[in-house]
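Participant: Here are the chains, one letter per residue:
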Amino acid sequence: MLLALLALILAMGGVMALNKAFTPEYGLDLAGGTTVTLTPVTPNGGAPSQESLDLAVNIIRDRVNGNGISDAEVVKSGDNIVISVPGAGQEEVVKLVGTTAELRFRQVLAVGEGSPAPPGQMPTQAPTPSAVPSNGKATDGGEGATTPAPRSTAQSSPSASPTGRALSSALTAPDPSATPSTEAETGTKKDATDRRAAREPKTEAKDGEDAPADRSARRAAKNAAAPSATPSPSATPSAPANDPLAGVDTTGVDPKALERFKTLDCAKDKGQGAQDAPDQQYVGCSQDGSAKYILDKAAVTGTSIDKATSGVDQTTGEWLVQLSFKGQGPQQWSKVTTTAFNSQPPRNQVAMVLDGVVISAPVIQEPITGGRAQISGNFTQVTADELANQLKYGALPLKFKTDSIEEVSSTLGADQLRGGLIAGAIGLGLVVIYSLLYYRGLGIVSVLSLVVATVLTYESVVVLGATAGFRLSLPHIIGLIVSIGITADSFIVYFERIRDEMKEGRRSLRAAVEVAWARARRTILIADAVMFIAAVVLYFLAVGGVAGFAFAMGLTTLIDIVVVFMFTKPFVALLARRKFFAKGHKLSGLDAERMSQSSAAPTVPQEA
Amino acid sequence: MSGIVSRLYRGEVNVDFVGRRKLWYGLSALLLAVSIVGLIVNGLNLGVEFKGGSVFSFKAPSASIEQVRGTFEEAGAHQVIVQETNNGWRVTTESLPAQEVTKTQKATADDYGLRQNDVTVQVIGGSWGGQVANKAVIGLIVFMLAIILYLTVAFEWKMALSAIVALFHDLVITAGVYAWSGFEVTPATLLGFLTILGYSLYDAVVVFDMIKEVTAKLGTTSKMTYTEAANNALNHTLIRSLNTTLVAILPVAAILFIGTTLFGAGTLKDLSLALFVGMIVGTYSSLCVATPMLVTLKEREPRYQALARRVASRGAGSAPDKGARQPVAAAAANGSAPAGSVADGDKRKKK
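Heads up: the sequence lines are chains S and W, in that order. For the first sequence, this note's numbering assigns the number 1 to the initial residue and increments by one for each residue that follows. For the second sequence, this note's numbering assigns the number 1 to the initial residue and increments by one for each residue that follows.
Since no wrong hints were added, every one of them can be taken at face value.
These stretches of chain W come out as covered by chain S in the derived footprint (C-beta under 8 Å, 3 or more residues):
1) 80-94
2) 140-146
3) 183-195
4) 198-210
5) 243-252
6) 270-276
Because the hints were derived from the structure by calculation, they are not lab data. Ideal Cβ positions, reconstructed from N, Cα and C, are used throughout, including at glycine.
Start from the sequences and build out the full structure, keeping to the hints where you can.
Facilitator: Right under this line is the structure:
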């Protein structure tokens with residue numbers, strides 16, 4: 001047991017070393033952070049309704065603090081929404097949070113080049129599908145569900161290159177005009193995000209869990225991708241450069257859509273943030289602007305999404321977002337993939353449209369009936385996580401533009417944190433002195449147990465900070481200090497039981513330690529269960545800071561059980577074999593006077 | 001004095017907690033009444049995080065946090081949160097009425113050589129208002145139901161009810177302290193309340209576990225009433241209760257008294273006061289509210305009524321409080337270990 005505990009402590013230390021994280025991540029009140037003000041954009045310029053604003057606040061809160069432990073805050077300020085995320089350099093994350101995230105799945109009706117190419121350059125620029133097999137990526141099926149022919153050129157460039165990154169951030173940039181600045185910023189933020197990405201293996205793990213189900217989905221996608229080299233007519237090099245409709249099958253296309261398709265120039269405006277009515281055909285651009293699409297009415301919309309997780313494609317290592325549908329979703333998804341499968345290119349593609357932009361348009365190789373889908377599109381871990389979050393918590397009822405971004409300092413000075421820690425240390429010091437005075441030899445056990453509990457708590461907080469985004473605020477720290485005090489109760493219960501057993505005088509210390517444990521264990525488990533129920537219920541039902549605190553409460557309860565079972569009990573059992581304790585030495589805390597056995601009874605209790 | 005300490009040390013105490021229940025009920029009723037009056041008359045002084053407030057932004061590169069805080073406090077704001085941003089200062093105060101806002105703007109402008117227009121004011125909603133608070137309340141209700149269910153299964157419904165009553169007792173009294181002291185209720189305070197909630201139940205459960213163990217041995221032949229058995233169990237866990245409270249409260253007291261005097265008020269005070277009061281009341285209520293209430297409920301059960309009658313007729317002549325001490329011996333004779341251990345001490349005392 002003791003060895004197992006040691007292994008646990010070392011293992012967590014190892015995780016800390018792997019993540020290169022040795023200090024906890026602090027919350028808004030202690031570390032400061034980034035504050036972004038979002039202003040709603042309404043079609044008529046009027047004020048948005050308070051209900052939709054409240055709904056937006058709730059959705060954004062879920063997005064930034066869905067698990068309740070990130071200590072992010074979302075506040076309504078007049079008609080604006082102010083988001084505060086702890087830590088500096090979070091502009092990108094915060095900005096992504098404010099995007100609408102309307103997702104639609106639409107069958108592709110026609111594909112064209114993104115913008116009319118200058119006549120001379122046409123042949124080289126034409127994004128021919130033949131590029132796909134040649135880069136070797138799509139042929140091994142690694143591309144998964146997403147090999148829209150025109151995107152292949154962008155795809156083949158290393159994703160870390162400036163273009164690749166700019167594309168992915170452009171995908172979620174709140175409004176078209178912001179795109180250039182995003183690009184510039186991404187460049188500078190790159191290091192920070194990369195470091196983050198390197199430190200957070202959590203989604204990978206998640207991917208592993210989902211693996212069996214995903215694999216089948218991916219297999220379907222793989223099959224879909226392999227022969228996707230089928231040239232789409234629009235991209236045939238022979239197509240005349242100036243006629244976007246050349247080679248396009250226009251049957252069933254709404255004339256209005258056709259008109260837009262002709263005039264649309266993706267180089268000028270990709271239509272980011274456009275409201276695409278789900279019940280109408282839509283004309284949109286791919287996210288890099290290299291292709292434009294005429295798309296059918298939405299077959300599945302974001303409201304049918306049940307779960308969304310980010311993960312890594314195991315063959316290509318590319319970040320993607322995996323979806324599962326609920327309600328009508330699976331049937332609708334299966335229907336549209338079936339229709340696409342039975343269609344001629346390019347109508348065998350299904351486009352995924354996010355906020356008006358086609359982020360991928362994979363060729364469907366067989367109907368997908370499992371109610372699952374995955375989206376790829378030059379994601380980084382941050383953007384994939386973020387998109388998954390956005391899709392999971394639903395689309396915003398309003399469109400927002402970023403009004404201002406500020407880095408803010410902590411609300412509490414460093415003096416408060418230091419004060420709390422110093423006072424807490426003094427308090428725990430008093431606990432140590434008291435334990436030693438009262439329990440003497442056994443006091444050493446309680447002090448060591450407290451040390452173990454402290455080490456485990458610290459390690460957990462650091463590891464959770466590095467892997468799950470857990471952020472410590474001052475209330476958490478005080479709460480943890482108090483919990484460590486409450487942890488002491490577990491061994492007080494145990495010690496008192498041992499004393500009871502010894503007072504009876506029928507048993508040896510070694511036997512008493514075991515009998516007392518059986519009794520104390522029950523009490524400890526029942527009492528801890530109460531704490532744990534409190535933590536679990538509040539964690540899942542409350543939001544924001546309450547959920548975060550409940551999380552910390554549950555954590556310390558678990559640590560309490562670990563410490564008592566794996567440290568206190570085995571350690572006491574070990575000590576019980578030593579003469580010092582077994583013979584009831586005066587300083588052992590188990591001496592005769594302490595146990596008030598009858599032999600010692602008549603003396604007036606003055607010497608205690 | 002040292003006699004008491006040393007008797008505590010050896011676990012030789014016998015306080016008649018249950019017998020004095022009228023005293024405790026009276027004391028608790030008084031405390032509750034005072035708290036409720038405080039809550040009605042004074043109300044709680046909710047922080048900016050709940051109610052929203054005003055945000056002042058301005059540039060004053062040479063100012064320090066303390067200076068800015070000073071300026072706002074002099075201008076009449078009570079809750080001042082100062083933050084430095086890359087665009088200057090951001091100060092959040094409670095919602096100020098229009099003329100107060102102008103006054104504060106003017107004072108700030110004067111202090112840092114700005115024009116009044118350079119100090120912008122925005123109204124901000126509460127980050128803990130609305131949905132956060134609603135969901136917390138829903139969470140609490142579900143939690144209460146879950147706990148009642150759990151304790152009913154683990155123990156019995158009478159214990160569940162007593163524990164929950166004690167819990168409300170603790171929360172109301174703690175809230176009352178805030179109402180009367182006028183201390184600001186911040187998210188930190190709320191989290192302190194949550195901790196009390198856990199602590200209060202935890203303490204009650206440990207006590208009830210012992211009561212359950214001792215009273216389980218009460219048979220028809222037992223010489224002890226339920227009341228007496230419960231009181232024995234209480235005395236039995238008394239050392240544990242006191243030790244636990246002391247150990248848990250020492251860090252809190254250190255934070256409250258040392259932290260607050262040395263490093264000023266703020267979050268530390270908000271949180272630790274709630275914890276300090278809550279833990280003391282929590283321990284008190286486990287011993288003096290939850291258990292007497294449980295006993296009152298249990299003594300209504302026919303079998304314990306019958307037991308009480310039998311014990312009374314058998315022990316006629318001897319003083320009732322003697323009865324409270326004696327019966328443990330019977331439990332010990334039944335081969336019940338934990339009760340028996342108390343018995344040793346008691347028997348000795350009688351010699």
